[in-house]
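*Asks:* Order-wise, the sequence lines are chains S and H.
The numbering used here puts the first residue of the first sequence at 35, with every later residue one more than the last.
The numbering used here puts the first residue of the second sequence at 18, with every later residue one more than the last.
Read the hints as simulated data drawn from the structure, not as lab findings.
There's no promise every hint is true.
[Said to hold, decoys possible] Residues on chain H that point at chain S, a partial pick, calculated with CB under 8 angstroms:
id: 1; residue: R118
id: 2; residue: R124
id: 3; residue: I128
id: 4; residue: S136
id: 5; residue: I153
[Unchecked claim] Sample of chain S residues at the chain H side, in silico, Cβ under 8 angstroms:
id: 6; residue: G205
id: 7; residue: E267
id: 8; residue: A272
id: 9; residue: A275
id: 10; residue: A276
id: 11; residue: G277
id: 12; residue: R279
id: 13; residue: P290
id: 14; residue: N291
In this text, a Cβ means the ideal position worked out from N, Cα and C, and glycines have one as well.
The lines below spell out each chain.
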Amino acid sequence: MATDTSTSTKFDVRDAEAEEKVEARVGLRYTLSQVRRDPTALAGLFIIGLTTTVALIAFVDSTVFEQLSKIGFFANLGVEKYWLAKTFWYSPVHEPAGAEILRPPFGLTNELYPNRPGTLDHPLGTDHRGRDVLSRLFYGTQIAITVGIVSTGIAMILGTLVGAVAGYYGGWVDDALMRAAETLFAIPFLVLVIAFMTAFGRNLMFAMIGVGIATIPTFARLIRSRVLSVREEDFIEAARAAGVRDRNIILRHVVPNSFAPVLVQATLQVGINILIIAGLSFLGYGAQPPTPSWGQMLSSSRNYMLPNPWFSIWPGVAILVTVVGFNLLGDGLRDALDPRINN
Amino acid sequence: MSEPLLTVENLQTQFFTEEGVVRAVDGISFEVNEGEIVGLVGESGAGKSVATSSIMRLVENPGEVVGGTVRYRDEVLVGFEEGPDGERRRSPEMLSEAEMRTRIRGREIAIIFQDPMESLNPVFKVGDQLREFIEINREVSKAEAREIAVDMLREVGIPEPEERYDDYPHQFSGGMRQRVLIAMALACEPNLIIADEPTTALDVTVEGQILDLVRDLQAKYGTSFIWVTHDMGVVAEICDRVNVMYLGEIVEQAEVDDLFYDTKHPYTEALLRSIPRPDQTVEELNPIEGVMPEAINPPPGCRFHTRCPDAREVCRRAHPAYQDVTGDEPPHRVSCVKYEDVGYEDSDPLETAATGAFGGGLVEARGESDE
Numbered sequence: 035m036a037t038d039t040s041t042s043t044k045f046d047v048r049d050a051e052a053e054e055k056v057e058a059r060v061g062l063r064y065t066l067s068q069v070r071r072d073p074t075a076l077a078g079l080f081i082i083g084l085t086t087t088v089a090l091i092a093f094v095d096s097t098v099f100e101q102l103s104k105i106g107f108f109a110n111l112g113v114e115k116y117w118l119a120k121t122f123w124y125s126p127v128h129e130p131a132g133a134e135i136l137r138p139p140f141g142l143t144n145e146l147y148p149n150r151p152g153t154l155d156h157p158l159g160t161d162h163r164g165r166d167v168l169s170r171l172f173y174g175t176q177i178a179i180t181v182g183i184v185s186t187g188i189a190m191i192l193g194t195l196v197g198a199v200a201g202y203y204g205g206w207v208d209d210a211l212m213r214a215a216e217t218l219f220a221i222p223f224l225v226l227v228i229a230f231m232t233a234f235g236r237n238l239m240f241a242m243i244g245v246g247i248a249t250i251p252t253f254a255r256l257i258r259s260r261v262l263s264v265r266e267e268d269f270i271e272a273a274r275a276a277g278v279r280d281r282n283i284i285l286r287h288v289v290p291n292s293f294a295p296v297l298v299q300a301t302l303q304v305g306i307n308i309l310i311i312a313g314l315s316f317l318g319y320g321a322q323p324p325t326p327s328w329g330q331m332l333s334s335s336r337n338y339m340l341p342n343p344w345f346s347i348w349p350g351v352a353i354l355v356t357v358v359g360f361n362l363l364g365d366g367l368r369d370a371l372d373p374r375i376n377n
Numbered sequence: 018m019s020e021p022l023l024t025v026e027n028l029q030t031q032f033f034t035e036e037g038v039v040r041a042v043d044g045i046s047f048e049v050n051e052g053e054i055v056g057l058v059g060e061s062g063a064g065k066s067v068a069t070s071s072i073m074r075l076v077e078n079p080g081e082v083v084g085g086t087v088r089y090r091d092e093v094l095v096g097f098e099e100g101p102d103g104e105r106r107r108s109p110e111m112l113s114e115a116e117m118r119t120r121i122r123g124r125e126i127a128i129i130f131q132d133p134m135e136s137l138n139p140v141f142k143v144g145d146q147l148r149e150f151i152e153i154n155r156e157v158s159k160a161e162a163r164e165i166a167v168d169m170l171r172e173v174g175i176p177e178p179e180e181r182y183d184d185y186p187h188q189f190s191g192g193m194r195q196r197v198l199i200a201m202a203l204a205c206e207p208n209l210i211i212a213d214e215p216t217t218a219l220d221v222t223v224e225g226q227i228l229d230l231v232r233d234l235q236a237k238y239g240t241s242f243i244w245v246t247h248d249m250g251v252v253a254e255i256c257d258r259v260n261v262m263y264l265g266e267i268v269e270q271a272e273v274d275d276l277f278y279d280t281k282h283p284y285t286e287a288l289l290r291s292i293p294r295p296d297q298t299v300e301e302l303n304p305i306e307g308v309m310p311e312a313i314n315p316p317p318g319c320r321f322h323t324r325c326p327d328a329r330e331v332c333r334r335a336h337p338a339y340q341d342v343t344g345d346e347p348p349h350r351v352s353c354v355k356y357e358d359v360g361y362e363d364s365d366p367l368e369t370a371a372t373g374a375f376g377g378g379l380v381e382a383r384g385e386s387d388e
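Construct the complete structure from the given sequences, taking the supplied hints into account.
*Replies:* The structure is reproduced here in C-alpha cells:
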C-alpha cells in the first residue's frame, strides 16, 4: 500500500478550506434553524405543541387509564378512567348543590346546569345537557389532532407513491395514474367523502380514510412535478448505472429529494383536514354523540345559539386556533425550504 | 491479442423527436481490450455520451438503440437480428433489462459521471451511497460493505475516511466528490469503467490530481476505461487508444501517439490545432470554424465537409468509408475521402466556413507553399 500514503498526502491540501465555503442548505437541522428564526412559525409550532400535549394527556387520561384499570395492580393503585381529571380538576368543594352527577367530561347530565355561561366551576360554561364545555373540548383535542394527522398521513403516503411512480416512469403509467387522480379531483370533495362514508360506514375512521383518499391528488400532483425534474438529475442516472432497482431508486433517491414541498403541504393539510372533518361532524358524518368532538359540539350547539352563544363560540375558537397553528408552521416551513426566500 | 473485453459494432442510437429522427450515434465501432484506456473524443454534441449510455442500455425515451452489436465478453448487451418478416428485432441472446441490472451495471461496467456536484444524492451520506452500491453489486453483508466503503474512500485519497463517511456531499469539495465517484465506480470491482468527462467540471490542478489517481488505480486494479472527453490534453495524458467522434460517427481511430504525430483526419487536425497554448493569446487561438450541424439533418457526403478546411467537391457527394489506412498493426482507421480512390485530387476545392479563415494555417502546417 505504498502508493496509498503518497496519494493521500498529495491530494488533501485543498479540502479543509473548501469545506468552510460550502454552506449546508439541506437537511433537517438546517430547516429547523430557519424555522427557529421565524416568529410566526415558532408561534405555530407552539400551538401545535400545546394541542398535541393536551391531546396526549387526554388520551392517557381516558383510553390508557381505562385499559390500565382493568389490570389488578393498577386498579389497586386507584387508576380509573378520567383519573387525572378527577384528581386535579373536579373538586367536590366547589361543586354546586346537586352536582354530584356532574363529572368531567361528559358523564351524566346535570339538568340543573344546562346552557350556563362560564363560572368558576365551569370556566367555559356548560352545554345543553349540563356537561362541562372545557372538559369536552379537552378530550375532543385527541380527535381533532388524530383525524388531522391520520387523514393527512393516508393522503401523503399514497399520494407520494402515486405521484413518484407516475413522474418517474412517465409515459402511459403517468397518464393512467394522473388521469385517475384528476378524476378524483373533478368530483366535489364533500360529495365524494359523504358517498364514501355512506357506502362504508358513518364513523370517524371512515371519515379519516375518506378525506385521506379524496386528498391523494393534491399530494400526487405536487410530488410528480418535483419528480419530473429530480429524475433528470445525474445522481439518478448514476444509481441506474450502478444497477439499483427502480423501486429503490424511487424510494431512496427520488422521493427524499422531492419531499420538501410535500412536507409543507402536509402541514397545511393537517389544518385543512381538521376543518373538513369538523365540518363532516357538523353534518353528522363524523364522530357520533356522545363522543366529544369539536365539530360535533358545534353541531349540537346550533340549536342553542341564542340562549347560550358561548357553547358554539368555544369549539369554534379551538378549531380556529389549531388550524391557524398548522398554517403558521406550514408557511414557516415553506419559507425555510425555499432557497429563493432565504437570501 | 486475446479477445477484446468490449466490442462495439455499428452501434446506432436514434432519438425520435417531433422534428424528426436524430441520429445521435450512427454506426460506430470500436473495441476495448483488457487493461486499456480508450479515449472517445469530440465536440459537444458529437454523440459521445449517448454512445456510452447506449452501451449500458441507459438511453431514455425518446431515444432508442436501433441497431448494431455490443458484446461484453460472452454477454450480448445489444444485439439485433433479422426477423422472418425482414424486420429488425432484438436478438434472443440480448440480455433482458433485469439481467443488465443485476449482472452488468455497476458489477461489470461502471460509469463515472461528468459533474461531481450533481452525481451524488444530496440527501444521502456519502458513505451510505457508496455502501448502497457495494451492497447491490457484491455479495457482502452491510457491515462488510461499510468496511469496503471506508477502504475505498481511503484508497482514493479521502483523509480520515471513517469520519468523512458520515458527511453529506455538500461538505465535500468538487475534487473530493470526484474522488468519491471514482471510489463508487471502483468499489464494485468492475472490469470496465466508462468515465464520462470526469474532469471537465474540475479546475486544472485538481484535474491533474485526478488523472494521477486514475493512473495509479488503473495500474493497481487493471481496470479498462472508456474515457470520454473533449480535451485533447487529457487524451494525451491518459489514453492508450483514441476514437475521434464527429456528428455520431467515429472519424479516426489510432494509438494515441499515432493520432498526435501522424494525424490523418482534418477534423482531428483541427481539434489538435484548437488546443490553447500558453505562448498564444486568445486572438491567436485556432478554433474550428462554424458549428456542428444538427444530427437531425446531417450534411450529405462527408459530415465534416461543411467545416473542413480541405473540403472539395467530392466530399459533398461521397460518404467516406471507415477504413485502415496504414496497413500496420495496430491499425489506424480513418474516415475521409482523401484516403479513397474517388477522385479527391481532381475535385474542386469547396467554399466552407473553414477554407477562408483557416486554410492558410493548415497549408503552412503541412509545409506547403503559401500562394
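*Asks:* Determine for every hint whether it applies to the structure shown.
*Replies:* Evaluation of the provided hints:
Hint status for R118(H): holds, given a least beta-carbon distance of 5 angstroms to chain S, under 8 angstroms. For the restraint placing R124(H) at the interface with chain S, the shortest Cβ-Cβ distance is roughly 6 angstroms, inside the 8 angstroms limit, so the hint holds. Because the beta carbon of I128(H) sits about 4 angstroms from the nearest beta carbon in chain S, less than 8 angstroms, this interface hint is met. The restraint placing S136(H) at the interface with chain S holds, with a minimum CB-CB distance near 4 angstroms, inside the 8 angstroms limit.
With a cut of 8 angstroms, the hint placing I153(H) at the interface with chain S holds, because the nearest CB-to-CB distance is about 6 angstroms. A distance limit of 8 angstroms between C-beta atoms decides the matter here; for G205(S) the minimum to chain H is near 7 angstroms, and the interface restraint holds. The criterion of a C-beta within 8 angstroms of any C-beta in chain H is met by E267(S), whose closest approach is roughly 6 angstroms, and the hint holds. Interface restraint check for A272(S): the shortest CB-CB distance to chain H comes to about 5 angstroms, inside 8 angstroms, so the restraint holds.
Contact between A275(S) and chain H, as hinted, is supported at the beta carbon level, the nearest pair being about 4 angstroms apart and thus within 8 angstroms. Given hint, A276(S) at the interface with chain H, holds; its Cβ is 4 angstroms from that chain's nearest Cβ, closer than 8 angstroms. With a cut of 8 angstroms, the hint placing G277(S) at the interface with chain H holds, because the nearest CB-to-CB distance is about 4 angstroms. A distance limit of 8 angstroms between C-beta atoms decides the matter here; for R279(S) the minimum to chain H is near 7 angstroms, and the interface restraint holds.
The interface hint given for P290(S) is met, as the beta carbon of that residue sits about 5 angstroms from the closest beta carbon of chain H, less than 8 angstroms. Hint on N291(S) holds. Least Cβ distance to chain H is approximately 6 angstroms, under the 8 angstroms limit.
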